[in-house]
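Student: Spelled out from the first residue to the last, the chains are:
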Amino acid sequence: MRVVIAEDLALLRDGLTRILDAFGFQVVEAVADGPSVLPALTRHRPDVAVLDVRLPPTFTDEGLQAALAARTQFPGLPILVLSQHVEQLYARELLADRGGGVGYLLKDRVSNVGQFIDAVRQVSSGGMVMDPEVVSQLLARNAGADRLGELTAREREVLGQMAEGRSNAAIAGRLFVTEKAVSKHINNIFSKLGMPPSDDDNRRVLAVLAYLNG
Amino acid sequence: MDSSVRAVVWRWVRPGLVAAGQGTAVVLLCLPLNVVLFVLSVVSLVLIPVFGIGFALFPAVTVLVRWSLTLQRRLSRFSRAPIASPYQPVPADAQLGTWRRFRWVVSDAATWRDLAWLIPGAVTGTGCLLAAVLPFYGLEGVLLVPLLLYLTTDWYGYGVFWPLDNIVQAWSSVPQGLLFLCGGLAVAPWLVWLHFRFAGFFLAPTQAQELALRVRHLAATRADTIDTQAAELRRIERDLHDGAQARLVALRMSIGLAEELLADDPARAARLLGEAQEASGQALVELRDLVRGIYPPVLAERGLDGAVRALALTVIPPVEVEVELPGSPPAAVESAAYFAVAELLTNVAKHSGAGRAWVRLAHSGGLLRIQVGDDGRGGAAFDAGSGLAGVRRRLAAFDGTMTVTSPPGGPTVVTMELPCELSSRRISPSSGTG
Chain A
1 MRVVIAEDLA
11 LLRDGLTRIL
21 DAFGFQVVEA
31 VADGPSVLPA
41 LTRHRPDVAV
51 LDVRLPPTFT
61 DEGLQAALAA
71 RTQFPGLPIL
81 VLSQHVEQLY
91 ARELLADRGG
101 GVGYLLKDRV
111 SNVGQFIDAV
121 RQVSSGGMVM
131 DPEVVSQLLA
141 RNAGADRLGE
151 LTAREREVLG
161 QMAEGRSNAA
171 IAGRLFVTEK
181 AVSKHINNIF
191 SKLGMPPSDD
201 DNRRVLAVLA
211 YLNG
Chain B
1001 MDSSVRAVVW
1011 RWVRPGLVAA
1021 GQGTAVVLLC
1031 LPLNVVLFVL
1041 SVVSLVLIPV
1051 FGIGFALFPA
1061 VTVLVRWSLT
1071 LQRRLSRFSR
1081 APIASPYQPV
1091 PADAQLGTWR
1101 RFRWVVSDAA
1111 TWRDLAWLIP
1121 GAVTGTGCLL
1131 AAVLPFYGLE
1141 GVLLVPLLLY
1151 LTTDWYGYGV
1161 FWPLDNIVQA
1171 WSSVPQGLLF
1181 LCGGLAVAPW
1191 LVWLHFRFAG
1201 FFLAPTQAQE
1211 LALRVRHLAA
1221 TRADTIDTQA
1231 AELRRIERDL
1241 HDGAQARLVA
1251 LRMSIGLAEE
1261 LLADDPARAA
1271 RLLGEAQEAS
1281 GQALVELRDL
1291 VRGIYPPVLA
1301 ERGLDGAVRA
1311 LALTVIPPVE
1321 VEVELPGSPP
1331 AAVESAAYFA
1341 VAELLTNVAK
1351 HSGAGRAWVR
1361 LAHSGGLLRI
1371 QVGDDGRGGA
1381 AFDAGSGLAG
1391 VRRRLAAFDG
1401 TMTVTSPPGG
1411 PTVVTMELPC
1421 ELSSRRISPS
1431 SGTG
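Keeping their order, the protein sequence lines are chains A and B.
Read in order, the letters of the first sequence correspond to residues 1 to 214 in my numbering.
Read in order, the letters of the second sequence correspond to residues 1001 to 1434 in my numbering.
Bear in mind the hints are in silico, worked out from the structure with no lab data behind them.
Computed from a predicted structure; not experimentally measured.
Even for Gly, the Cβ is constructed at its ideal location relative to N, Cα and C.
Check the hints yourself; a few may be wrong.
Stated by the list, open to error - A short, non-exhaustive set of chain B residues, derived as facing chain A with CB atoms under 8 Å:
(1) Gly1274
(2) Gln1277
(3) Ser1280
(4) Gly1281
(5) Arg1292
(6) Pro1297
(7) Arg1309
(8) Ala1310
(9) Leu1313
(10) Thr1314
To be verified - Some residues of chain B that are not near chain A, with every Cβ distance over 10 Å (derived):
(11) Leu1017
(12) Asp1108
(13) Leu1143
(14) Leu1144
(15) Tyr1156
(16) Ile1167
(17) Leu1218
(18) Ile1255
(19) Gly1256
(20) Ala1269
(21) Ala1342
I would like the entire structure built from these sequences, with the hints used as guidance.
Tutor: In structure tokens, the structure reads:
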């Protein structure tokens, strides 16, 4: 699987390259500034791009802007955005096109190599991964709202796990319940939120997130 | 005459001529007008108890006084002692003849200072007579007018000779006149300056008061700023010392121990490494929170506009954000504005019980105007210890102001104004990764 990386700190860039290499990814290009991102993506059309939000030369949100531009130019191009901090605003912008193949994670999460590689794989296959912090903020913000008020504590837990991008099996493993119970919870969530049921894991997660994001 | 010589002479003569003209104007204005206006003022003041005529008359006379003195202040602009206007704009609802207008006129210190100046001004204005008359008198002598008059009228005097006894004395008016002319032109600017300097004591806005207030304000806000900064640094130091730093120490210990145990007890070494991983994650969380408190990364990345929008997404009632900023305020102002909005939105979420809130940012006339409002229950407290007072204190460091309207039952609207200029494009000077 071919990957393009954008990260300005050499230490982190090398670290990411090494981790991805070790798990069988092929890092076709690793760029260090904002303006190089889009040309690199155009040149390689990678299976997934891993971008840092803050990049030179302005050290603002060049990486995120590049990601959004790339999504417009190549709809559905899987992009995983990394940052030292997470913002609802950025998550909302990344999810705006509802195309899937989007990830938004704190850089800390890379240290849990197994989970990070899972996230890259999920994003590259059109799935969606949101940082637990984004999800918990989102749920906390909507906790008082009527639409989440009807959910039971367990259902809210399942919803949170879904939003972080976990499959039914993974959720079942985490909550120590059967996969069948998970899918029952998920069906309940969908009917309570008034959303059409769907078999596609990613679509339904996106739908929930888009719904919560208002 | 060579043009450069002419220029030199002109440069020397011109101020004298201007001053002579000013002196003439001052004499014509001050002497008659001041006296008339003083009499009118006194009469209208005396009439105050009589049928209420004075209540309407005195403000009307004040209008005349101000008009006349504004003219004199304008004259002062051509001298070396220009006088600024001290008048406040008339309140919109204070028409002539209303009680409100009378109260406004009477409570304005400028009214009484004007009045106090009218008579002394007439006296020093007379001093300007010299500035007006001396050059003309010199001109008369230079043009041999005394000689002509001596020859035709038999009795006439000029300068030191009163009356002129002979033709030699009559001819002496030329050197004397030259002396008067030059002396008069040289002295006239100083006489006028003296007059306006004196007038300034009455007619200028009380600079001393203005400065005293300004100094007191600056001293207070500076002390506050220093205190706040010191407290912030102390907090950051404590957070780092007890938080991330301590965790890194623990981390190193765990890793060191794991290294020791690697050969003998791999299982325990693995457990220690897991703990180290955990501790490093905690340290990162603490550092992230700390950074957010120092300068929120989203502010560096998106500027005030984006940062406030990001902030609005994190509080409980839906917040509508409207931004009209053609550029970016300076980073320090942005930061102050951001933390002010953050504090106010926290208040909204905690205390207001609002179902809806809004934030508006706009810039006009050199002021960044920020409005945070909600439809909650109102009655926001402004105690010394409250968040609002803290926000006001922090804004004061930038000469910013905050007004709060929060009647019981709401809505609460907080308006903040920060003087600043916008720059066209923000380039963050900071570096690092996001």
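Student: Decide, hint by hint, whether the structure agrees.
Tutor: Results of checking the hints against the structure:
1. Gly1274: violated, 11 Å
2. Gln1277: Holds - the Cβ of Gln1277/B comes within 8 Å of chain A, reaching about 6 Å at its closest.
3. Ser1280: holds, 7 Å
4. Gly1281: For Gly1281/B, the interface hint holds, since the closest Cβ of chain A sits about 6 Å away, which is under 8 Å.
5. Arg1292: At about 7 Å, which falls below the 8 Å cut-off, the nearest Cβ of chain A leaves the hint on Arg1292/B intact, so it holds.
6. Pro1297: Nearest chain A Cβ about 5 Å off; hint holds.
7. Arg1309: Status holds, d = 6 Å.
8. Ala1310: holds, 4 Å
9. Leu1313: Hint holds; Leu1313/B Cβ to chain A Cβ min 4 Å, cut 8 Å.
10. Thr1314: Status holds, d = 6 Å.
11. Leu1017: Since the minimum Cβ distance to chain A is about 60 Å, Leu1017/B lies beyond 10 Å and the statement holds.
12. Asp1108: holds, 51 Å
13. Leu1143: holds, 77 Å
14. Leu1144: holds, 81 Å
15. Tyr1156: Holds, since 87 Å exceeds 10 Å.
16. Ile1167: holds, 91 Å
17. Leu1218: holds, 34 Å
18. Ile1255: holds, 14 Å
19. Gly1256: Given a closest Cβ separation of 19 Å, the condition holds.
20. Ala1269: holds, 18 Å
21. Ala1342: holds, 14 Å
Hint 1 alone, counting from the list given before, is not met by this structure.
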